[in-house]
Amino acid sequence: MHIGGTGKYITYTHRSFGDAELYLIMNSGDEIAKLDLKIPFANKQIKQIDLEKQEQKAIAFVEKDGKIQLELELPALTGVVLVVLDSL
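Under the working numbering, the sequence shown is numbered contiguously, ending at residue 88.
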(Lines of atoms letter the chains of each structure in order from A and count residues from 1; the text may use other names and numbers.)
(Lines give C-alpha, C1' and ligand atoms only; values in the text may rest on other atoms or scores of the structure.)
Protein backbone atom coordinates (compact mmCIF):
# COMPACT_ATOMS: atom_id res chain seq x y z
CA MET A 1 0.00 0.00 0.00
CA HIS A 2 1.20 3.50 -0.81
CA ILE A 3 0.17 6.33 1.53
CA GLY A 4 0.43 9.98 0.49
CA GLY A 5 -1.16 13.07 2.00
CA THR A 6 -0.70 15.23 5.09
CA GLY A 7 -0.16 12.73 7.92
CA LYS A 8 3.31 12.78 9.51
CA TYR A 9 2.66 10.05 12.06
CA ILE A 10 0.76 7.41 10.12
CA THR A 11 1.37 3.71 10.63
CA TYR A 12 -0.47 0.72 9.26
CA THR A 13 -0.51 -3.03 9.29
CA HIS A 14 -1.98 -5.47 6.77
CA ARG A 15 -3.35 -8.99 7.15
CA SER A 16 -5.04 -11.39 4.71
CA PHE A 17 -8.03 -13.45 5.88
CA GLY A 18 -9.39 -15.71 3.15
CA ASP A 19 -10.75 -13.40 0.43
CA ALA A 20 -10.50 -10.30 2.65
CA GLU A 21 -7.58 -7.89 3.02
CA LEU A 22 -7.55 -5.97 6.30
CA TYR A 23 -5.68 -2.70 6.86
CA LEU A 24 -5.46 -1.07 10.26
CA ILE A 25 -4.37 2.55 9.71
CA MET A 26 -3.43 4.74 12.68
CA ASN A 27 -2.79 8.47 13.07
CA SER A 28 -0.66 9.12 16.16
CA GLY A 29 -0.11 12.79 15.23
CA ASP A 30 -1.84 15.70 16.93
CA GLU A 31 -3.55 16.92 13.73
CA ILE A 32 -6.15 15.47 11.36
CA ALA A 33 -4.44 13.47 8.61
CA LYS A 34 -5.81 13.62 5.06
CA LEU A 35 -4.51 10.56 3.23
CA ASP A 36 -4.34 9.47 -0.40
CA LEU A 37 -4.15 5.67 -0.48
CA LYS A 38 -3.20 3.34 -3.32
CA ILE A 39 -3.92 -0.31 -2.60
CA PRO A 40 -2.74 -3.03 -5.03
CA PHE A 41 -6.09 -4.75 -5.60
CA ALA A 42 -8.92 -4.46 -8.09
CA ASN A 43 -12.50 -5.80 -8.32
CA LYS A 44 -13.13 -5.40 -4.59
CA GLN A 45 -15.45 -3.48 -2.25
CA ILE A 46 -14.16 -1.31 0.54
CA LYS A 47 -15.74 -0.72 3.93
CA GLN A 48 -14.62 1.55 6.71
CA ILE A 49 -15.10 0.06 10.17
CA ASP A 50 -15.46 2.35 13.19
CA LEU A 51 -14.25 0.09 16.01
CA GLU A 52 -15.54 2.34 18.80
CA LYS A 53 -19.06 2.74 17.38
CA GLN A 54 -19.10 -0.75 15.82
CA GLU A 55 -20.39 0.73 12.57
CA GLN A 56 -19.32 0.21 8.99
CA LYS A 57 -19.82 2.24 5.83
CA ALA A 58 -18.83 1.99 2.20
CA ILE A 59 -15.91 4.14 1.01
CA ALA A 60 -15.85 5.92 -2.36
CA PHE A 61 -12.86 4.93 -4.51
CA VAL A 62 -11.64 4.61 -8.08
CA GLU A 63 -9.74 1.81 -9.77
CA LYS A 64 -6.77 2.80 -11.89
CA ASP A 65 -3.86 0.73 -13.22
CA GLY A 66 -4.95 -2.32 -11.20
CA LYS A 67 -4.99 -0.38 -7.93
CA ILE A 68 -7.70 0.99 -5.70
CA GLN A 69 -7.25 4.71 -5.02
CA LEU A 70 -9.10 6.52 -2.26
CA GLU A 71 -8.97 9.47 0.10
CA LEU A 72 -9.32 8.97 3.83
CA GLU A 73 -9.39 11.44 6.71
CA LEU A 74 -8.21 10.29 10.14
CA PRO A 75 -8.80 12.24 13.36
CA ALA A 76 -5.82 13.33 15.49
CA LEU A 77 -4.15 11.10 18.08
CA THR A 78 -6.75 8.37 18.58
CA GLY A 79 -7.72 8.20 14.93
CA VAL A 80 -7.89 4.53 13.99
CA VAL A 81 -9.68 3.23 10.91
CA LEU A 82 -9.86 -0.35 9.69
CA VAL A 83 -10.27 -0.61 5.92
CA VAL A 84 -11.59 -3.98 4.77
CA LEU A 85 -11.45 -5.15 1.16
CA ASP A 86 -14.03 -7.88 0.46
CA SER A 87 -14.43 -9.85 -2.75
CA LEU A 88 -17.28 -8.69 -4.95
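None of these hints come from the bench; they were simulated from the model. Small disclaimer: the values here were computed from a predicted structure and weren't measured. Keep in mind that a hint or two might mislead.
Said to hold, decoys possible - Below, computed lysine-lysine pairings styled on DSSO-like, alpha-carbon distance capped at 27 Å:
1. Lys-34 <-> Lys-8
2. Lys-8 <-> Lys-47
3. Lys-64 <-> Lys-38
4. Lys-57 <-> Lys-38
5. Lys-8 <-> Lys-57
6. Lys-53 <-> Lys-8
7. Lys-53 <-> Lys-34
8. Lys-53 <-> Lys-64
9. Lys-67 <-> Lys-57
10. Lys-57 <-> Lys-34
11. Lys-57 <-> Lys-47
12. Lys-34 <-> Lys-67
13. Lys-64 <-> Lys-44
14. Lys-44 <-> Lys-67
15. Lys-8 <-> Lys-38
16. Lys-67 <-> Lys-38
17. Lys-64 <-> Lys-47
18. Lys-47 <-> Lys-34
19. Lys-64 <-> Lys-34
20. Lys-67 <-> Lys-47
21. Lys-8 <-> Lys-64
Requested in this report: Assess, step by step, whether the Cα of Lys-53 is no farther than 27 Å from the Cα of Lys-64, and give holds or violated.
Outcome: Roughly 32 Å separates the two Cα atoms, so the pair is violated.
Query raised in the report: Taken at face value, is the distance from the CA of Lys-8 to the CA of Lys-34 at most 27 Å?
Result: Since the Cα atoms of Lys-34 and Lys-8 sit roughly 10 Å apart, the hinted pair holds (cutoff 27 Å).
Query raised in the report: Taking only the CA atoms, is the gap from Lys-64 to Lys-34 under or equal to 27 Å?
Result: 20 Å, holds
Query raised in the report: Taken at face value, is the distance from the CA of Lys-38 to the CA of Lys-67 at most 27 Å?
Result: 6 Å, holds
**Report entry** Agreement of Lys-57 and Lys-34 with the hint, judged by alpha carbon distance not exceeding 27 Å
**Finding:** 18 Å, holds
Query raised in the report: For the pair supplied as a hint, Lys-44 and Lys-67, is the alpha-carbon distance within the 27 Å limit?
Result: 10 Å, holds
Query raised in the report: CA of Lys-8 to CA of Lys-64, is that 27 Å or under?
Result: Given that 27 Å is the threshold and the Cα spacing comes to 26 Å, the pair holds.
**Report entry** Pair hint outcome, Lys-67 versus Lys-47 [Cα-Cα no greater than 27 Å]
**Finding:** 16 Å, holds
**Report entry** Restraint check for Lys-8 with Lys-47, where alpha carbons must lie at most 27 Å apart
**Finding:** 24 Å, holds
Query raised in the report: Are the Cα positions of Lys-8 and Lys-38 separated by 27 Å at most?
Result: 17 Å, holds
Query - Agreement of Lys-53 and Lys-8 with the hint, judged by alpha carbon distance not exceeding 27 Å - result: 26 Å, holds
Query raised in the report: For the pair supplied as a hint, Lys-8 and Lys-57, is the alpha-carbon distance within the 27 Å limit?
Result: 26 Å, holds
Taken one by one, the earlier hints fail for this structure only at number 8.
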